[in-house]
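Asker: Working from the sequences, and respecting the hints, build out all of it.
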Amino acid sequence: MQWETVIGLEVHVQLATRSKIFSGASTAFGAEPNTQACAVDLGLPGVLPVLNEQAVAMAVQFGLAIHAEIPEVSVFDRKNYFYPDLPKGYQTSQMYHPIVGPGEVEITLEDGSTRTIRVHHAHLEEDAGKSLHESFSDGMGHAMTGIDLNRAGTPLLEIVSEPDMRSAKEAAAYLKAIHSIVTYLGISDGNMAEGSMRCDVNVSVRPRGQETFGTRAEIKNVNSFRFVERAIEFEVERQIELIEDGGEVVQETRLYDPERDETRSMRTKEEANDYRYFPCPDLLPVVLDGAYVDHLRETLPELPADKRARFQDGLGLSAYDAGVLSASREMAEYFEAVKDACGDAKQAANWVQGELSGALNREGLAIGDSPVSARQLGELITRVMDDTINGKAAKQVFQALWNGQGESADAVIEAKGLKQVTDTAAIEAMIDQVIADSPAQVAQYRDAEPDKRGKMIGYFVGQVMKASRGTANPQQVNALLKEKLDALC
Amino acid sequence: MALEHADVLRAAHLARLGLTDDEAAHYQADLGRILEMVDRLQALDTEGVAPLAHPLDTTQRLRADEVTESDQRDRFQRSAPAVEQGLYLVPRVVE
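Read top to bottom, the protein sequences are chains F and P.
Under full-length UniProt numbering, the residue at position 351 of the first sequence is numbered 351, and the numbers go up by one with no gaps.
Under full-length UniProt numbering, the residue at position 64 of the second sequence is numbered 64, and the numbers go up by one with no gaps.
Some hints here could point you the wrong way.
Pairs of lysine to aspartate or glutamate, DMTMM-like flavour, derived with a Cα cap of 25 Å [unchecked claim]:
hint, chain 1, residue 1, chain 2, residue 2
1, F, 88, P, 7
2, F, 79, P, 74
3, F, 79, F, 10
4, F, 169, F, 106
5, F, 130, F, 106
6, F, 220, F, 194
7, F, 130, P, 69
8, F, 130, P, 39
9, F, 88, P, 69
10, F, 130, P, 7
11, F, 416, F, 386
12, F, 220, F, 170
13, F, 79, P, 7
14, F, 88, P, 74
15, F, 169, F, 4
16, F, 88, P, 66
17, F, 220, F, 200
18, F, 88, F, 4
19, F, 130, P, 71
20, F, 88, P, 71
21, F, 88, P, 39
22, F, 130, P, 84
Heads up, incomplete: computed chain F residues facing chain P, CB under 10 Å, no partners named [as the list claims (entries may be wrong)]:
hint, residue
23, 36
24, 54
25, 56
26, 80
27, 82
28, 133
29, 136
30, 138
31, 148
32, 274
33, 279
34, 280
35, 286
36, 405
37, 424
Don't read these hints as lab results, they were simulated from the structure.
Everything numeric in this text was worked out from a predicted model, so none of it was measured.
Every residue, glycine too, gets a C-beta built ideally from N, C-alpha and C.
Answerer: What follows is the structure, encoded as structure tokens:
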């Protein structure tokens with residue numbers, strides 16, 4: 001039987017505010033345990049939450065970026081459950097009137113094609129604390145769990161997609177698109193390793209052609225692009241095997257274990273979750289006036305999809321190049337600075353994607369950490385384009401700039417004497433010397449069939465380039481050599 | 001809507017309240033009267049009336065995104081039954 005996979009994602013994005021969503025405690029990462037958990041975050045009696053304006057603005061910016069409806073009124077609700085990292089006994093969230101209504105996200109697949117994934121809504125909520133299940137115990141030897149509430153109250157934007165994805169690759173592309181939007185907007189650092197972006201995946205399978213959805217399993221807390229893909233691939237296979245063996249998928253929560261590359265059922269709870277949502281009496285309805293939303297709309301930066309389209313249609317880059325260079329704001333800004341410095345988008349794209357990306361990958365560096373600045377690279381490309389240096393020398397200049405051996409391409413060219421020799425007389429002198437020093441090769445060349453000579457000329461080109469320490473203009477060397485050698489035949 | 005004894009016990013369990021049978025019976029009657037009131041409200045014609053999210057007819061004030069709280073961990077942890085390395089300790093929640 002042919003199976004179709006149906007995937008929906010719930011992405012939790014930590015918003016990059018300085019303070020928490022309902023309190024003035026800091027959200028800085030990596031502080032000593034519980035030093036950033038104030039009375040409001042701890043849920044001590046008598047405290048009241050006050051909503052952070054920046055969290056609201058960031059949520060609305062995201063909504064505008066995905067062309068979503070922004071309702072005038074949104075309401076906070078309490079989601080009630082007991083867990084030690086949730087000291088109040090409820091999470092303040094938005095169930096019935098979220099801040100961002102239906103929108104859509106464009107995803108780009110590996111072949112460069114695009115698809116639109118609908119977003120059901122996005123809502124604001126607070127994060128919980130962290131449980132550390134290490135070796136703590138009470139005086140009687142009972143195992144204890146340590147609770148750090150620094151994260152409690154950190155603002156989260158939960159982005160809920162429609163079940164529109166049909167493969168693990170589409171799900172990963174969607175997650176990347178969300179990552180790219182939130183980092184472009186600067187509303188999150190998008191650091192998945194530190195948990196700034198986390199993802200719950202809903203997966204089901206159905207026979208191809210069937211209208212109704214199969215029973216879904218929810219995979220919790222998948223925290224990398226690669227794991228999303230692998231978790232889905234494993235889960236799809238598990239569900240298909242289960243059904244083909246006559247079994248049934250049960251609706252449950254599963255965990256992905258990256259080390260064993262499998263999903264496992266979490267302990268089934270004795271009863272279904274009953275969160276008893278109700279409007280939070282401590283918070284009033286949030287009303288956004290049109291002028292406020294319009295103001296936020298005007299301050300939106302150019303977004304990844306628009307940038308990709310401009311790179312492709314306006315600058316004439318390939319779909320692939322446009323996609324890679326617009327994937328992150330840092331990459332796009334670097335590329336555009338190189339392009340502005342050298343004035344040629346295609347050359348800039350080739351260098352950023354070739355030499356520079358290769359070097360960054362080798363050293364495991366991000367574009368923001370590049371030792372070669374965009375201005376330096378742009379100047380280097382300019383010197384290739386105006387024939388000051390040839391391609392071979394350009395690589396040496398790049399390496400020197402990378403190693404910090406020079407402030408600018410011009411300084412390196414000067415210091416290393418890499419300026420291309422285009423003076424015909426100088427090149428001819430070198431050629432004459434090489435011919436005089438290579439009687440055996442000259443004899444072979446002369447005795448060869450004319451159609452074989454093209455290949456044999458390579459030896460002489462190499463010798464002349466060597467004599468010029470790589471600085472001779474290769475086209476001129478080729479042409480002059482051919483002329484002189486053929487004159488000897 | 002009639003409230004069963006089991007409904008009261010379930011609501012109590014969700015709220016992590018331990019009720020004796022006598023208390024449960026008491027709440028069954030009490031909550032039952034509240035639900036009768038809700039039934040009367042449900043019977044009203046609310047066509048065209050916007051649902052009310054909060055009894056106060058005003059909207060949420062927002063605060064500027066500034067860090068205004070300082071570290072008071074030591075004070076807060078004085079009332080905690082068990083702390084270690086700055087963490088609050090609770091009975092183990094996973095196997």
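Asker: All the hints need checking, so say for each whether the structure fits it.
Answerer: So, going through the hints one by one against the coordinates:
1. F:88 with P:7: OK: residue 88 of chain F and residue 7 of chain P at ~24 Å, within 25 Å.
2. F:79 with P:74: violated (30 Å)
3. F:79 with F:10: holds (17 Å)
4. F:169 with F:106: Since the Cα atoms of residue 169 of chain F and residue 106 of chain F sit roughly 14 Å apart, the hinted pair holds (cutoff 25 Å).
5. F:130 with F:106: violated (34 Å)
6. F:220 with F:194: With a Cα-Cα distance of about 16 Å, the restraint between residue 220 of chain F and residue 194 of chain F holds, given a limit of 25 Å.
7. F:130 with P:69: holds (20 Å)
8. F:130 with P:39: violated (42 Å)
9. F:88 with P:69: Holds: residue 88 of chain F and residue 69 of chain P sit about 19 Å apart, inside 25 Å.
10. F:130 with P:7: Violated: residue 130 of chain F and residue 7 of chain P sit about 33 Å apart, past 25 Å.
11. F:416 with F:386: holds (18 Å)
12. F:220 with F:170: holds (18 Å)
13. F:79 with P:7: Holds - the C-alpha atoms of residue 7 of chain P and residue 79 of chain F are around 20 Å apart, at most 25 Å.
14. F:88 with P:74: OK: residue 88 of chain F and residue 74 of chain P at ~20 Å, within 25 Å.
15. F:169 with F:4: holds (14 Å)
16. F:88 with P:66: With Cα atoms ~23 Å apart, residue 88 of chain F and residue 66 of chain P stay inside 25 Å; holds.
17. F:220 with F:200: Given that 25 Å is the threshold and the Cα spacing comes to 5 Å, the pair holds.
18. F:88 with F:4: violated (42 Å)
19. F:130 with P:71: holds (18 Å)
20. F:88 with P:71: Since the Cα atoms of residue 88 of chain F and residue 71 of chain P sit roughly 20 Å apart, the hinted pair holds (cutoff 25 Å).
21. F:88 with P:39: Violated - the C-alpha atoms of residue 39 of chain P and residue 88 of chain F are around 30 Å apart, more than 25 Å.
22. F:130 with P:84: holds (15 Å)
23. 36: holds (7 Å)
24. 54: Residue 54 of chain F check passes; min Cβ-Cβ to chain P is 4 Å, inside 10 Å.
25. 56: holds (6 Å)
26. 80: Holds, because the Cβ-Cβ distance from residue 80 of chain F to chain P comes to roughly 7 Å (cut-off 10 Å).
27. 82: Status holds, d = 6 Å.
28. 133: It holds, given that the least Cβ distance between residue 133 of chain F and chain P is near 5 Å, below 10 Å.
29. 136: holds (6 Å)
30. 138: This hint holds: residue 138 of chain F lies near chain P, its Cβ roughly 6 Å from the closest one there, short of 10 Å.
31. 148: At about 6 Å, which falls below the 10 Å cut-off, the nearest Cβ of chain P leaves the hint on residue 148 of chain F intact, so it holds.
32. 274: holds (6 Å)
33. 279: holds (5 Å)
34. 280: holds (9 Å)
35. 286: holds (5 Å)
36. 405: violated (43 Å)
37. 424: violated (67 Å)
Hint compliance for this structure: hints 2, 5, 8, 10, 18, 21, 36, 37 are not met, and every other hint is.
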